Amino acid sequence: MPEFIQIMISGLSAGSIYALAAVGFTLLWQASQTINFAQGEFVMLPAFFVLALMSFAGFPLWLAILAAIALSVLLLGAIFKRLIVEPMISHGTLPLVIATIALGLLLKEAVKEFYSPLGQPFPSLFPQEVFVVAGASISIPDIANFIIAMGTIIALQLFLQRTRTGRCMQATAQNPDVAQILGVDVKRMVLYTFLINGALAAIASVLITPVYLAKFSNGEVLGVVAFTAAIVGGFNQIRGALVGGLVIGVVDNLSAIYFSAEYRQAVPLILLIVIILVRPQGLLGTAEGRTV
Amino acid sequence: MTPKNIIFAIVAVGLLIIAPLGQGNYITYVLCSWLLFSIAAMGLNLTLGYAGQVSLAQASFMGIGAYITALMTLNGIHWILAMPCAVAATFFVGLVLGYPALRVQHHFLAFVTLAFNTLVFLAFRNEEWLTGGSFGLVGMPRPDFWVFSTMKQLPFYYFTLVCFLISAAAFWWIVHSPWGRAFKALRENPIRANSVGVDTRRMTLLAFAIGSAFGGLAGALMTPLVQFIEPGSFALVHSLKLLLMVVVGGAGFFFGPILGAAIVILMPEVLRFTEGYYLIIYALLVIVLMVYSPTGLMGLGGKVITRFRPQREVRKDMVQGAQL
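Here the protein sequences come in this chain order: R and F.
Here the first sequence stands for residues 374 to 665, where the numbers follow our numbering.
Here the second sequence stands for residues 92 to 415, where the numbers follow our numbering.
If you are wondering where the hints come from, they were derived from the structure by calculation, not from laboratory data.
The structure presented is a predicted model; accordingly, all values stated were derived computationally and were not measured.
Do not take every clue at face value.
Said to hold, decoys possible - Below, a list of computed lysine to any residue pairs in the SDA-like style, where the Cα atoms sit at most 25 Å apart:
#1 F/Lys275 x F/Trp263
#2 R/Lys560 x F/Tyr383
#3 R/Lys485 x F/Gly367
#4 R/Lys485 x F/Arg363
#5 R/Lys485 x R/Ala425
#6 F/Lys275 x R/Thr466
#7 F/Lys394 x R/His464
#8 F/Lys275 x R/Ser463
#9 R/Lys485 x F/Thr365
#10 R/Lys485 x F/Val379
#11 R/Lys560 x F/Ser384
#12 R/Lys485 x F/Leu375
#13 R/Lys560 x F/Val379
#14 R/Lys485 x F/Gly323
#15 F/Lys275 x R/Gly465
#16 R/Lys485 x F/Leu357
#17 F/Lys275 x R/His464
#18 F/Lys243 x F/Leu357
#19 R/Lys485 x F/Leu376
#20 R/Lys485 x F/Tyr369
#21 R/Lys485 x F/Ser225
#22 R/Lys485 x F/Ile371
#23 F/Lys394 x R/Leu456
#24 R/Lys485 x F/Ile354
Just chain R, with the same shape it has in the complex (with noise of 0.2 Å):
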C-alpha cells in the first residue's frame, strides 16, 4: 500500500506536468485548428534558454526562469504564430502539420548543433527532501511540481472563465466568425492563445527537466505524452487535457511498477487507442460535428 500511495503521488506529479503541455495543445487546437506536432520540442527548449541564460549571461536562477518564459512567450508563442501559423492557415490543416514536424526538427538539431548533443543537468527548483506519510516516502519536488502545475492550469481556466478577454477566447474558439461578428477581436484572442501556449510549455518545461537531464532529445517522448493526455481526456476541453494528463502519468507509473518496464509506454498508447475508437471525444470531452 505505501508503494502504491508513492506511485499515485509520483504519477500526478508527472501527470499534472504533462497536462500543462497537452492544455496548451488543446488551446491551439480549439483556437486555430493548429495540430502542434513540435509542441514536445516546445516543451525541451526552454530549458535550455534557462541554462544558456545561466551559463553564458550570468543569470541567477529566478531570474533566467523568468526570462525563458518570456522568451518562449515570444519565440514559440508570436513568432510561431506569425511566421508558420499565419501564413498556412488557409491552407488547411496537413501543410501546417508538415512544417510543425519539419520545425519540431529544425529545434532538436539546433539545440544538438549550436548547444550540445549530450544530456545537460539542470538545477532543481526545490529541496530534493523525503518525508514518510504513513510508510510512504513522499518527495518535495513531486509535490511543489503538482502544486505548481496544478496552480497555472486552476488560474488559466479562472482567467479564461471569469474574465472579459478570456469569454472573448472562448467565443473564438467556439466559432470564430460569430465572435468576429459580435464585435470580438477574433486575430488578437488567437495570438493570446499562442502566446499562453509558450508560457506553458516553458513552465512544464523547467518543472519536468530537473527529473531527467536537458537533452535535445526529450521532446520526442514529451510531445507524444502531450498527445495522448490531449486526446484520451478530450480534444476540446482544458479539464479534459488537465484529467487526461493526470490518468496518463498515473498510468504510465503504475504500468511500469506492475506491468511491465519494457511495456511502460505502451500501455498509454493502447489507452489511445481504445479511447479513439470507443469514446473519440475523450473522457470529458464533447462530441464535436463529426467531419466524415
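Chain R is fixed; fit chain F onto it per the hints.
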C-alpha cells in the same frame, strides 16, 4: 499513356540504368536506398495522397517487412519466397490498421497510426527471442538468382531498380484504374463517393492495405541492402520522415514521393559540406516550402509552369488537396 509520357518514361529508366555506372560503392548504396524509400513513399502516397487517409505508420510496415524477410532468409529460405510473405503480411496488417479509419478520420487517425507505429517499435525492441532486441539482426544474405548474384553493390542496384520499376508500374496501374478514381473520390468527398456506388468501406481498407504492402516490399529490400536491421530504423521519426517525403514531393502526384525521397535521401550527400547543419537547413526548407506551396514541389513546379503558360488548367481534383 500519351507518346510524350512513353518517351519520358524511357528516358527516365535510361537515366536510372546509367546512374550508378562509374560511381563508388557508397553512392550506389545511397541510390539503392533512394529507390527503396521511393517504394515506401509511393505506398504512403496511395494511402495519403490519393485516398486521403492519414497514416503515420509507414515505417512500422517497412519494419515488419524487413524483419520477416530477415528471419526467413536467415533460416535459409530464398528472398524470392520471403518477399511475398513480407508483402502479404504487411497487406493484412495494413488491412487491420484500416479498420480504425472507418470510425475516425483526420487527426484522430493520425494519432491511432502514430500509436501503432510506436507499439510495433516496442515489440521489435522488447521481443529479443525473435528480433534480437535493440541489437537487431545481422548477416542476412543477399539474394542469389543462379546466374545473377546480387552480392556486389552494382548488381544489387539493378535488382532494386527492377523491383522499383515493377512497383512503379503497379502503382501507375492502380491509380489509373477505376480503383484509383475510387480512391480519389474517397478523398474528395466520401459521402458523394458512397452515393454514386463506391464501396467506401472496402476502398478505405484497401488504401491502407495496398499502401502498407508497398512499405513491406521496401522493408524486404532494405534487409538485404543494409544486412543489419534494428528497431531504431523503424521508429516514429522515420514514419514522419516518410510523411515529409510524400508531402514535400507532392501528395497525390505520381512522381511526388519519388522526388520527395530523392530530396530526403540524396540531399544529405549534396549538402555534405554543411556538416551537421544539414537537417537544420532541410527543416527550414520544408517550412518555407509549406508556406509558399502546400502541395509540395510538384505543386510548386505546377505554379511556375502556370506562370509562364497561363492557359494550363489546374487539375481539378487537386484543388482541395489532401486534408488532415
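We went through each hint and held it up to the structure:
no.: 1; hint: F/Lys275 x F/Trp263; verdict: holds (14 Å)
no.: 2; hint: R/Lys560 x F/Tyr383; verdict: holds (21 Å)
no.: 3; hint: R/Lys485 x F/Gly367; verdict: holds (9 Å)
no.: 4; hint: R/Lys485 x F/Arg363; verdict: holds (18 Å)
no.: 5; hint: R/Lys485 x R/Ala425; verdict: holds (13 Å)
no.: 6; hint: F/Lys275 x R/Thr466; verdict: holds (18 Å)
no.: 7; hint: F/Lys394 x R/His464; verdict: holds (15 Å)
no.: 8; hint: F/Lys275 x R/Ser463; verdict: holds (22 Å)
no.: 9; hint: R/Lys485 x F/Thr365; verdict: holds (15 Å)
no.: 10; hint: R/Lys485 x F/Val379; verdict: holds (22 Å)
no.: 11; hint: R/Lys560 x F/Ser384; verdict: holds (23 Å)
no.: 12; hint: R/Lys485 x F/Leu375; verdict: holds (16 Å)
no.: 13; hint: R/Lys560 x F/Val379; verdict: holds (23 Å)
no.: 14; hint: R/Lys485 x F/Gly323; verdict: holds (19 Å)
no.: 15; hint: F/Lys275 x R/Gly465; verdict: holds (18 Å)
no.: 16; hint: R/Lys485 x F/Leu357; verdict: holds (22 Å)
no.: 17; hint: F/Lys275 x R/His464; verdict: holds (19 Å)
no.: 18; hint: F/Lys243 x F/Leu357; verdict: holds (21 Å)
no.: 19; hint: R/Lys485 x F/Leu376; verdict: holds (19 Å)
no.: 20; hint: R/Lys485 x F/Tyr369; verdict: holds (12 Å)
no.: 21; hint: R/Lys485 x F/Ser225; verdict: holds (23 Å)
no.: 22; hint: R/Lys485 x F/Ile371; verdict: holds (10 Å)
no.: 23; hint: F/Lys394 x R/Leu456; verdict: holds (22 Å)
no.: 24; hint: R/Lys485 x F/Ile354; verdict: holds (22 Å)
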